[in-house]
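Chains as they are written, first to last, in the numbering used here: chain A, 1 to 248; chain B, 249 to 511.
Don't read these hints as lab results, they were simulated from the structure.
From the three backbone atoms N, C-alpha and C, an ideal C-beta is built for every residue, glycine too.
Check each hint, because a few of them may be wrong.
What the simulated footprint calls covered on chain A by chain B, stretch by stretch (three residues with Cβ under 8 Å from a Cβ of chain B suffice, anywhere in the stretch; the number is not a length) [said to hold, decoys possible]:
id : segment
1  : 6 to 18
2  : 90 to 101
DSBU-like mimics (lysine-lysine), calculated; alpha carbons at most 35 Å apart, straight line [said to hold, decoys possible]:
id : chain 1 : residue 1 : chain 2 : residue 2
3  : B       : 389       : A       : 14
4  : B       : 427       : B       : 473
5  : B       : 354       : A       : 13
6  : B       : 354       : A       : 14
7  : B       : 428       : B       : 365
8  : A       : 14        : B       : 356
9  : B       : 365       : A       : 14
10 : A       : 13        : B       : 358
11 : B       : 358       : A       : 19
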Amino acid sequence: MIAIYTLWLREVKKYFRSKSRIIGSLGQPLLFLVALGFGLGPIFKAAGQGDYIQFLVPGIISMSILFLAIFSGISVIWDRQFGYLKETLVAPVPRWQIMFGRTLGGATVAVLQGIIVFAISFAFGFRIHSFGLFLEAFVFMSLVALIFTALGTAIASVLEDMHGFQLIMNFLVMPIFFLSGALFPLAGLPKVLKTIVMFDPMSYGVDGLRGTLGGISQFGLFTDFWILSVIVVVLISVGSYVFSKIQV
Amino acid sequence: MDNIIEIKNLTKKFKNFTAVDGITFDVKKGEIFSFLGPNGAGKTTTIKMLTTLASPTSGSILINGFDPAKQQNQARASFGIVFQDPSLDDELTAYENLNMHGMLYKIKVKERRERIKQLLNFVELWDRKDDLVKHFSGGMKRRLEIARGFLHHPKILFLDEPTIGLDPQTRNHIWEYLKKMNKEEGTTVFLTTHYMEEAEKVSSRIAIIDHGKIIAQGTSEELKKSTKTNSLEEAFLKLTGSEIREETVKNQVMTGHARVWRK
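Chain B on its own, in the form it takes in the complex (with noise of 0.2 Å):
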């Protein structure tokens, strides 16, 4: 099997809205696939109907070879993921939130163990690991999320706008550690940035979305050829345009909040 993820006419409508619009595209195994667009297109929307947080209205997906819709704890113990936000629990130390994460994903003590220790080295925070989390700056957060993400060894790791809000060292940082997991452990890597030098360095592939439809797709090189553009961030904004968007998702997440405590 060459793709990893397999996604056809995909389509997530709420309720007046159409999030994501019929999107087809594959990520190799193996490969640094980028997934990039303008604020409120598409992007998280797809990333959670891809790791089992959203139902797909229609379309099909492929994960593995699983379906995330109907063999969801397959699916899921496929991945690992970064979300946008912090998802790690403050109250508890960097080693016992990696190690309730080993936990769920039924990792054996002995090897929960060692990989904790190699991964808390690897994203250089092992000697912080009894602190508890509240006490982290946001890129030592990061960092940790990052080390959870591989945890537990998965085919593919989601990482949404995993870089926003750090400091450049930080983020180079990131790149780094992804760039060689993905090289040592064959990690398949699927992410989601606003920054498009970085997702030009790493990259293999880039597909862009905008409206809820993939508008372009291939090698930043095939984008920027296509486009007559010198730099993928000018090949962006050809694309999806140079006005600024509403995040219109959020918009309607939070009508829908105040509609019910209007009742």
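With the rest of the complex left out, here is chain A (with noise of 0.2 Å):
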């Protein structure tokens, strides 16, 4: 076990030790916050939506976990390509343990993120439904940054440099966040993007924080925690499969 803390502790201490990157990936929540939140605030409410802000936090939430969730599970591309990775790859432990470390590492980073956007967004107008869930939304925080930097290591276990990260964003990762749900309510849509929308893990992890966060879900919680917990078991048992097959 001592490996999984060593691995997780890694990650903290490198995330505290980089205040850059904290700082850095702040800007696209912030960006995201004042464009969408204040830009089309007025037509939602026109629209009889209420107010968008108190709508969009969630998702602005979630997205800030996703991407640097993802960020932290593909850093196994870095540490194959600065050499560290072997270092782990030749320790007397098995793989999975190695592998379970840096993933619940990376969540933890997420997780911390995602909880720095949380306490910005009540300078932006945010107001909480209910304090006593907020155990919960961390939860469903939790689970969105497990399933997303398993994901990011299964990916990165099978490339073997940076060449195909262009290709992980605008085909991955973006999608993930833009067919979530983030940005939009689900009622009205067309009956494709809804179809796609079920289909994306994301959307499950968005609704458990509107819902816990700001008194609506659509799918209910109880199946938001069940279908992102499924899923967190399947991907995290996949990047360990993944991991310990890499051959350096």
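Starting from the two chains in their separate frames, assemble the complex, guided by the hints.
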């Protein structure tokens, strides 16, 4: 178990050490809150949907978790290029523990980032529905973080260098975010789009957070929780498997 | 048991290329063994198979009595390794790099602290222990990696071209460290290098690999005698020829990447 702790510690230490990374990754969520939150807010209200900031913030928290989690997972590629991966691969511990430790570490960092965005959102007029549900919100953030760190790790385990990075950003991460219902309500969507949204794991994370923080959930918190939990287990298993097959 | 490493008919094939072709040799407990060969001869691939990083196509390996393909964790606990390319975490300090290594090898806290202090003093980096590794020079990084390789009292230390690109001062120091640890702790040292003089000075026995096959082995005296030459370098050139080699293995791997992305 100490191996899991070691790899977790490494991720967390490096996060706190790199202030520019913490501040840098706040830029995008802030931009979204300002441009979309205030830009589309009046239309949203005119359409009778209520306060857009209130609707948007859980989506933006999920987005910052998604991005940081994927990047943490992808860092396997950096470690491969800078050589540290080999050091962990020859250590006398089962490879799944190495993968699990990295994933927990990456997910922890992503959740921390989510909490920072959450705190900042109060300055934008976000009001939490009930503080009693904060623990549940934390659970949803953690599930989203675990899913996408594991996904990033799995992808990075089969790639050999950063050439595929643009591919992953444009054909995986961006669609996961934009098609998750983070920015728009599901009611009245074209059928095709709605189906796609239903197949996006992120949708359930966004919905779970919206349910706990904002008090409105489309699928129900229980459904969100189970779907996310199953995906976590599947992705961590798949990720451990492909990670344990890495040959350098 | 006299032999700490036993290799029989070891072969590694990539798609249409045989990197290691049925090699057989032993390394004796407590010796410094040099594994020499031109670029692309199969040295690094062999080390990867010995250290559980790649699986053999056929043949057998015993490391400290364990099969690296099946008893991975016992085999891994038996050796330390200094890779050809750097493998430190630049964003961590020297101390943290060693400490995390000690944690991964399950060394108890107190023992870990003492051992790290001993080894950092040994490679003359104790006063830089809290500096981030990214501020270190190439030679300092190498020394730190050597300290890390010895940290868990391995039975065998593998070093893949440990002195490449370093100044003569650092190279000399590194060989001193290795000889000293070999003597004091009885660690078997398995190394590859292109510096023939250094190999001649430190190693008790030498094997030469070319085109994936062992073409000669013995002490440097024996190699010189059998080739009727005066230095190991001449013996090496006589055995392996003097034309320049392409790094076939790397080329193979790189076309492999290209193929992945074309899909």
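Structure-based check of each hint:
no., hint, result
1, 6 to 18, "holds (count 7)"
2, 90 to 101, "holds (count 5)"
3, 389/B <-> 14/A, "19 Å, holds"
4, 427/B <-> 473/B, "25 Å, holds"
5, 354/B <-> 13/A, "20 Å, holds"
6, 354/B <-> 14/A, "22 Å, holds"
7, 428/B <-> 365/B, "17 Å, holds"
8, 14/A <-> 356/B, "24 Å, holds"
9, 365/B <-> 14/A, "23 Å, holds"
10, 13/A <-> 358/B, "22 Å, holds"
11, 358/B <-> 19/A, "32 Å, holds"
Of the hints listed earlier, there is not a single one the structure fails to meet.
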